[in-house]
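There are 2 protein chains.
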Amino acid sequence: MPELRKDPIIGRWIIISTERAKRPSDFISPQRVTGSAACPFCNGNEWMTPPEIFAFRNENSIKDKEGWRVRVVPNKFPALRVEGNLDKKGIGIYDRMNGIGAHEVIIETPQHEVSISALTNKNIEEIILAYMYRMRDLKQDKRLNYGMLFKNVGISAGASLEHSHSQLIALPTVPKIAKEEMDGAKYFFDYRGRCIICDMVAQEREDGSRIIFETENFIAFAPYASRFPFETWIIPVFHQSHFEKMEERYAYELGKILKTVLTKLEKSLEDPPYNYMIHTAPFNYNDLEYYHWHIEIIPRMTRVAGFEWGTDFYINPVPPEDASAFLREIETDS
Amino acid sequence: MPELRKDPIIGRWIIISTERAKRPSDFISPQRVTGSAACPFCNGNEWMTPPEIFAFRNENSIKDKEGWRVRVVPNKFPALRVEGNLDKKGIGIYDRMNGIGAHEVIIETPQHEVSISALTNKNIEEIILAYMYRMRDLKQDKRLNYGMLFKNVGISAGASLEHSHSQLIALPTVPKIAKEEMDGAKYFFDYRGRCIICDMVAQEREDGSRIIFETENFIAFAPYASRFPFETWIIPVFHQSHFEKMEERYAYELGKILKTVLTKLEKSLEDPPYNYMIHTAPFNYNDLEYYHWHIEIIPRMTRVAGFEWGTDFYINPVPPEDASAFLREIETDS
Chain A
1 MPELRKDPII
11 GRWIIISTER
21 AKRPSDFISP
31 QRVTGSAACP
41 FCNGNEWMTP
51 PEIFAFRNEN
61 SIKDKEGWRV
71 RVVPNKFPAL
81 RVEGNLDKKG
91 IGIYDRMNGI
101 GAHEVIIETP
111 QHEVSISALT
121 NKNIEEIILA
131 YMYRMRDLKQ
141 DKRLNYGMLF
151 KNVGISAGAS
161 LEHSHSQLIA
171 LPTVPKIAKE
181 EMDGAKYFFD
191 YRGRCIICDM
201 VAQEREDGSR
211 IIFETENFIA
221 FAPYASRFPF
231 ETWIIPVFHQ
241 SHFEKMEERY
251 AYELGKILKT
261 VLTKLEKSLE
271 DPPYNYMIHT
281 APFNYNDLEY
291 YHWHIEIIPR
301 MTRVAGFEWG
311 TDFYINPVPP
321 EDASAFLREI
331 ETDS
Chain B
1 MPELRKDPII
11 GRWIIISTER
21 AKRPSDFISP
31 QRVTGSAACP
41 FCNGNEWMTP
51 PEIFAFRNEN
61 SIKDKEGWRV
71 RVVPNKFPAL
81 RVEGNLDKKG
91 IGIYDRMNGI
101 GAHEVIIETP
111 QHEVSISALT
121 NKNIEEIILA
131 YMYRMRDLKQ
141 DKRLNYGMLF
151 KNVGISAGAS
161 LEHSHSQLIA
171 LPTVPKIAKE
181 EMDGAKYFFD
191 YRGRCIICDM
201 VAQEREDGSR
211 IIFETENFIA
221 FAPYASRFPF
231 ETWIIPVFHQ
241 SHFEKMEERY
251 AYELGKILKT
261 VLTKLEKSLE
271 DPPYNYMIHT
281 APFNYNDLEY
291 YHWHIEIIPR
301 MTRVAGFEWG
311 TDFYINPVPP
321 EDASAFLREI
331 ETDS
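Chains A and B are the protein sequences, given in the same order. Here the first sequence is numbered in my numbering, starting from 1 and rising by one per residue. Here the second sequence is numbered in my numbering, starting from 1 and rising by one per residue.
Because the hints were derived from the structure by calculation, they are not lab data. Just so you know, not all the hints are guaranteed correct.
A pair counts as met if it fits within one copy or between any two copies, since identical chains are not told apart.
[Said to hold, decoys possible] Distance condition first, Cα-Cα at most 16 angstroms in a straight line; then the derived EDC-like pairs of lysine to aspartate or glutamate: (1) 6 / 312; (2) 176 / 312; (3) 139 / 287; (4) 256 / 126; (5) 63 / 52.
Sequences are here, hints too, so could you generate the full structure?
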């Protein structure tokens, strides 16, 4: 059983993932990404993954067989386990609980595509809908308090399989960054009476210098305090605290702006390693006036070193205004 | 002039380091580490660095010439600038100030050694003393509030030169992690009346399962909530909030335990990339009963991916008790 442990000074949680336990020698050879040979995410290799949890399937196709378009399965090497109870406990000054949670993989296409940007808008719409449906389902489990949807592309961004996929980890406790965002946004709301992210969208639109792309209901811009070169956030212009509560009619448009932004990043930076994460409100909060879900995309072109680890201060060599001006000019089909 | 910008939601600062400004194409070729040919940190190449700020020198040797044992110079590509005023300003919901601060390099040996663990204990004592002297000096500058001493070893840990060196960045604002540590430790102190890190040392000593090495006045252990496999903290057993206030007589012993621990990590993980950071109290705080400086060493064997970036939750495949048992057994000369 994996274990969750809390740092007693700053309250950061970690997962001791015993199911993945390793000897020092396992760390010595460089990590590799599995290519198309024997890819467990490819059409026809459904037997290589645990049984599917959800899929968009062609009519008359059968669970765990070919004929799916987007498929969600449990991670074969999960960081957390679904079965069991939390067994929260203090050990002197330390706190721990069992590593209860869900760890799922969203396989984005049956073909061996390595980039989400190569997929059709219709396909990406179904990926977004799969994200929402899985979040709505996991939210029913009262042991779980937070769902993090994320994507790793490229070895240095933590990917171990190249076939286009995302992951969802649902946690029994609200993670530190989500708590900080809730607290920070609430503080602003208590003082000004407005959602800070709505204000941010308004200010970015008025200023214009950091905007990368806009659609009717979504905006993509380089955040004012970008940690990384070419960091990009995608935000709905309508106020909403929980991603999974988005009306389904927006999924196509969100997929489209996501594809446009990723295409711009891939073209300008020659297929960089990157991560994206959907920041959203915890499951057990009602609709919040003060918080606003969004997607953060971080190309991983710079190395994170001792200074950043010791301070959470980031050194970014590219002003977001320059990154944005550059990305705005990159042509895409949309 | 570099610029400091604050994330309006969670209060994280970033440095827009315009002096290092780059075009997208600069990110595309992989980074390389400069080896011994034309190493600006080697004996005889003193002209390749900016003029020295401090050095331990052999008698009768001359500033910026050979004859030094440990040498401190400004970083040639500094993230921050010493000259100027802060010019703090709000721009709508955003906050910024000028990137005032110091960015220094501590060159640890005149020979082209790539590992601090290859140096003599006497040499490492002088490195520790140089750290302390530079912190004491920078603290006099009332514009500066925090000094972060850190070391990057290996490309994936952010090093760009292999010659053994550390860095010191002094900041005009207390970084987020230091603030969180101060707040967390203060909260514990207000409730229990004791320093949380003193309590941690006591509990680790009683338990024993995470201890890696001990000397009379210092202890090295794998922290209970280790983010990374083989993460190791070195803590003075005496209570002290500010590293730079350490009595100089301890510098030799601290250097010795640092060397022992790094030797153990290098032997067991075959010279892993790593960072270490000295966590200490802000300059403008008096001696604190509730906070306790320490060194955090993080071997960089695992990749930080979307989940960690989105949550600050870490997945560690090696229980610290196992890491510690393994490192305890590794023989060193000390």
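Verification of the supplied hints:
For the identical chains of this complex, residue 6 and residue 312 are inter-copy neighbours only, at 12 angstroms across copies versus 19 angstroms inside a copy, given an alpha-carbon limit of 16 angstroms. Taking the shortest Cα distances, residue 176 and residue 312 sit within 16 angstroms of each other both inside one copy (13 angstroms) and across copies (6 angstroms). With identical chains, the CA atoms of residue 139 and residue 287 are at most 16 angstroms apart within one copy only, with a shortest distance of 14 angstroms there and 46 angstroms across copies. For a Cα distance limit of 16 angstroms, the shortest separation of residue 256 from residue 126 inside one copy, 11 angstroms, qualifies, whereas the shortest one across copies, 58 angstroms, does not.
For the identical chains of this complex, residue 63 and residue 52 are intra-copy neighbours only, at 7 angstroms inside a copy versus 69 angstroms across copies, given an alpha-carbon limit of 16 angstroms.
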